[in-house]
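K.L.:
Each chain is listed here by its residues.
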Amino acid sequence: SQQGEEDPQALSIQEGENATMNCSYKTSINNLQWYRQNSGRGLVHLILIRSNEREKHSGRLRVTLDTSKKSSSLLITASRAADTASYFCATGLNFGNEKLTFGTGTRLTIIP
Amino acid sequence: DTGVSQDPRHKITKRGQNVTFRCDPISEHNRLYWYRQTLGQGPEFLTYFQNEAQLEKSRLLSDRFSAERPKGSFSTLEIQRTEQGDSAMYLCASSSERNNEKLFFGSGTQLSVL
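So the sequences go chain by chain: A and B. Following this note's numbering, the numbering of the first sequence begins with 47 at its first residue and continues without gaps. Following this note's numbering, the numbering of the second sequence begins with 65 at its first residue and continues without gaps.
Don't read these hints as lab results, they were simulated from the structure. Heads up, some of the hints might be wrong.
Derived lysine-lysine pairs resembling PhoX-like cross-links, with alpha carbons at most 25 angstroms apart [what the hints assert, rightly or not]:
no.	chain 1	residue 1	chain 2	residue 2
1	B	K135	B	K166
2	B	K166	A	K102
3	A	K72	A	K115
4	A	K72	B	K166
5	A	K116	B	K166
6	A	K116	A	K72
7	A	K72	B	K121
8	A	K102	A	K116
9	A	K115	A	K102
So that you can see chain A by itself, here it is in the shape it has in the complex:
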């Protein structure tokens, strides 16, 4: 079963604009991660934020986490055509993170 729900399901923006996608989840978590998937390929880890953190940055990525609302957002600044992909949030429940539970994904299209 899917733990997270991403919003929106699809997003199209012009190159250079910022893209924001949101993730909501249902249970208490240890950490939340974001992954990117290009069409027909495997997933690539982008960033991890722990339950005791509120914001994290990595290059053009900014992730926030609100555990009281059980939600997270991923902001991609200054988007590029190469950012076109599907983005998934994934939650880790146990300290050892034996498994990740993925959301349904946001399909991001960057228009050159």
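Given the structure of chain A, go ahead and fit chain B onto it with the hints provided.
P.N.:
Positioned in the frame of chain A, the structure of chain B alone reads:
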């Protein structure tokens, strides 16, 4: 670090046939995971191994599915008596003991059951 390798990339089979997929994780990674992904959905957890021990199986993994990791290195996922509903992308991932939170995924095996 050559990445996670999966074979084959694509498999087309007829309903009722058995299929087997292989995953070679990153060499020093002791954890290996199998996920299934259908079109437009996120990956769904199937099972995971720590070394050669299979530690958790999803209810999605019916009796027709079996996974092994005999020497704690590569893993195989077998589906017996395939059904059309088994059509999906089967993804393998691995993680290291030192940083087991971050998963490294292979490119997947796309299964089509006719």
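K.L.:
If a hint holds in the structure, say so; if it doesn't, say that too.
P.N.:
Here is what the structure says about each hint:
As the CA atoms of K135/B and K166/B are separated by approximately 23 angstroms, the hinted pair is consistent with the 25 angstroms bound. With a CA separation close to 16 angstroms, the supplied pair K166/B and K102/A stays within the 25 angstroms bound. Distance restraint check for K72/A and K115/A: the Cα-Cα separation of roughly 10 angstroms lies within the 25 angstroms cut-off, and the hinted pair is therefore satisfied. Between K72/A and K166/B, the direct Cα distance comes to roughly 21 angstroms. Compliance with the 25 angstroms bound is thereby established for this hinted pair.
Between K116/A and K166/B, the direct Cα distance comes to roughly 21 angstroms. Compliance with the 25 angstroms bound is thereby established for this hinted pair. Note on K116/A and K72/A: the hinted pairing holds, with a Cα-Cα distance of about 7 angstroms set against a maximum of 25 angstroms. Of the pairs offered as hints, the one joining K72/A and K121/B holds, with about 21 angstroms between alpha carbons and a cut-off of 25 angstroms not exceeded. Restraint check for K102/A and K116/A: satisfied, since their Cα atoms lie roughly 16 angstroms apart, inside the 25 angstroms limit.
Of the pairs offered as hints, the one joining K115/A and K102/A holds, with about 17 angstroms between alpha carbons and a cut-off of 25 angstroms not exceeded.
Checked against the numbered hints given earlier, this structure breaks none of them.
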